[in-house]
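Residue numbering for the sequence shown is 1 to 437, as defined by the numbering used here.
FYI, nobody ran anything at the bench for these hints, they're computed from the structure.
Hints may be right or wrong, so weigh each one.
Unchecked claim - With a cut-off of at most 27 Å between alpha-carbon atoms, the simulated BS3-like pairs for lysine-lysine come out as follows:
{"no.": "1", "residue 1": "K25", "residue 2": "K146"}
{"no.": "2", "residue 1": "K135", "residue 2": "K325"}
{"no.": "3", "residue 1": "K265", "residue 2": "K340"}
{"no.": "4", "residue 1": "K325", "residue 2": "K340"}
{"no.": "5", "residue 1": "K25", "residue 2": "K135"}
{"no.": "6", "residue 1": "K135", "residue 2": "K146"}
{"no.": "7", "residue 1": "K219", "residue 2": "K325"}
{"no.": "8", "residue 1": "K25", "residue 2": "K265"}
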Amino acid sequence: MSGIFISYRRELNAGWAGRLAADLKRDLPDRPIFHDIASIEIGEDFGIAIQRALGHCAVLLVVIGPRWIDAQHPHGGRRLDDEDDWVRIEILTGLQGNLRVVPVLVGGAAMPRDKQLPDALKPLVRRNAHEITDKRWDFDVGELVKALRRVSTHAAGRDGVEAPSQIGHPTVVAAPPPRILVAHDLPAPGTAFRHGPDLPDLVVVPAGHFLMGSPQDEKDRDENEGPCHPVSIARPFAVGRYPVTFAEWDAFVAAGGSTHRPDDKGWGRGRQPVIHVSWDDAQAYVAWLRDRTGQPYRLLSEAEWEYAARAGSQTRYPWGDEPGKDKANFWGSSSQFKLKRTAPVDSFPANAFSLCDMVGNIREWVEDSWHANYQGAPDDGRPWDGSGEARTVRGGSWNSPSYCCRAACRNRDAPSTRQDDLGFRVCCVPITVPFLA
Numbered sequence: 001m002s003g004i005f006i007s008y009r010r011e012l013n014a015g016w017a018g019r020l021a022a023d024l025k026r027d028l029p030d031r032p033i034f035h036d037i038a039s040i041e042i043g044e045d046f047g048i049a050i051q052r053a054l055g056h057c058a059v060l061l062v063v064i065g066p067r068w069i070d071a072q073h074p075h076g077g078r079r080l081d082d083e084d085d086w087v088r089i090e091i092l093t094g095l096q097g098n099l100r101v102v103p104v105l106v107g108g109a110a111m112p113r114d115k116q117l118p119d120a121l122k123p124l125v126r127r128n129a130h131e132i133t134d135k136r137w138d139f140d141v142g143e144l145v146k147a148l149r150r151v152s153t154h155a156a157g158r159d160g161v162e163a164p165s166q167i168g169h170p171t172v173v174a175a176p177p178p179r180i181l182v183a184h185d186l187p188a189p190g191t192a193f194r195h196g197p198d199l200p201d202l203v204v205v206p207a208g209h210f211l212m213g214s215p216q217d218e219k220d221r222d223e224n225e226g227p228c229h230p231v232s233i234a235r236p237f238a239v240g241r242y243p244v245t246f247a248e249w250d251a252f253v254a255a256g257g258s259t260h261r262p263d264d265k266g267w268g269r270g271r272q273p274v275i276h277v278s279w280d281d282a283q284a285y286v287a288w289l290r291d292r293t294g295q296p297y298r299l300l301s302e303a304e305w306e307y308a309a310r311a312g313s314q315t316r317y318p319w320g321d322e323p324g325k326d327k328a329n330f331w332g333s334s335s336q337f338k339l340k341r342t343a344p345v346d347s348f349p350a351n352a353f354s355l356c357d358m359v360g361n362i363r364e365w366v367e368d369s370w371h372a373n374y375q376g377a378p379d380d381g382r383p384w385d386g387s388g389e390a391r392t393v394r395g396g397s398w399n400s401p402s403y404c405c406r407a408a409c410r411n412r413d414a415p416s417t418r419q420d421d422l423g424f425r426v427c428c429v430p431i432t433v434p435f436l437a
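Hey, can you work out the whole structure from these sequences and the hints?
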């Protein structure tokens with residue numbers, strides 16, 4: 001059991017926790033990182049689910065931000081005083097299991113004092129904390145990684161531990177068993193999670209309205225981008241933070257989901273976006289995700305894709321009307337990768353919905369059949385089927401001119417097409433409540 005479980009308050013510390021999880025995945029590729037790890041099936045005992053997840057882990061990282069101790073329950077009182085609070089149950093389960101429970105202080109937070117914690121959580125103050133500051137983030141995370149590498153691959157205290165390090169020492173604690181939780185509200189927009197190891201990171205995108213397509217006076221406009229029309233997205237949905245990567249695709253192949261091992265052209269695998277995958281390949285992948293997780297995965301609809309790419313903007317690009325500098329990877333940008341190859345995901349700033357590479361880097365398959373314009377298009381964001389064989393492609397790529405990377409630009413390909421600038425990302429609609437804290 002070598003996993004690392006990250007516990008955090010999603011409404012307060014999701015940004016820090018997400019960044020920490022991404023860094024740990026990069027620096028500890030051989031250690032499963034459980035960050036919003038899995039959905040919990042209807043009727044399942046939440047306490048058992050947490051115990052099962054933590055049973056795969058040697059370390060529990062408790063992310064503590066400035067308001068962590070005083071976070072209030074919507075119905076009044078502190079969350080930590082509520083016996084059904086997710087964070088409280090995670091910590092109790094970790095202490096009861098005698099894991100290395102490590103308080104991780106972020107945002108200038110101080111370690112809570114004994115008298116500030118409920119009696120059941122007081123043993124937490126005896127755990128040696130690790131501070132991560134914004135100004136020295138990379139150094140502080142590096143020190144944490146060094147310490148985590150020294151922790152036994154078995155849970156502390158079960159099969160023995162190595163020499164003490166800066167990570168908190170194990171303490172045997174008698175804690176009450178977790179209680180069954182009541183139903184939980186949907187995760188807040190901006191929340192990042194995934195449904196299991198080796199599966200795509202997802203981000204919750206809010207409901208909203210936007211104008212799909214381009215106005216008549218937009219520079220480089222094509223007639224297939226009209227008529228410009230309002231679309232309403234009635235409920236939040238989860239979108240892949242990045243296009244599906246080679247690492248995620250290779251895990252799919254290793255699990256027996258496909259025999260197709262796409263050529264990476266020597267550009268590398270891992271965190272490179274997967275290329276040389278057809279629309280049919282993408283459908284096989286989302287079907288596998290549905291079977292593995294029980295969750296409603298699919299490709300984004302064309303309307304969902306444009307809504308997610310714009311992230312509240314109505315300009316030519318998600319960031320404005322000009323290609324800009326180092327905003328994305330395409331011909332006409334200043335990217336070091338342009339006209340050469342794909343860039344690793346997360347090489348460029350995320351948009352306002354915390355989504356990366358929505359334009360440039362690779363073109364992305366969406367669910368919809370190709371239509372020559374938006375006459376008769378749905379106004380509610382659902383996928384738009386049709387009689388033609390071609391499927392819609394959005395986003396532009398590393399070898400696309402800048403006008404092809406506008407938020408409204410659209411294209412098409414045969415569903416069997418495999419090219420070195422063509423991949424996809426996933427979505428999950430509706431959101432099934434994931435395991436969040």
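So, going through the hints one by one against the coordinates:
Taking the CA atoms of K25 and K146, the gap is near 14 Å; set against the 27 Å cutoff, the hint holds. Using a Cα cut-off of 27 Å, the hinted pair K135 and K325 holds, with the two alpha carbons roughly 24 Å apart. Restraint check: the Cα-Cα separation between K265 and K340 comes to about 11 Å, which is no more than 27 Å; the hinted pair holds. Restraint check: the Cα-Cα separation between K325 and K340 comes to about 17 Å, which is no more than 27 Å; the hinted pair holds.
Pair hint K25 plus K135 holds up; C-alpha atoms about 21 Å apart against a cutoff of 27 Å. Only pairs whose Cα atoms come within 27 Å are accepted, and K135 paired with K146 is accepted, the gap being roughly 19 Å. Note on K219 and K325: the hinted pairing holds, with a Cα-Cα distance of about 19 Å set against a maximum of 27 Å. Note on K25 and K265: the hinted pairing holds, with a Cα-Cα distance of about 24 Å set against a maximum of 27 Å.
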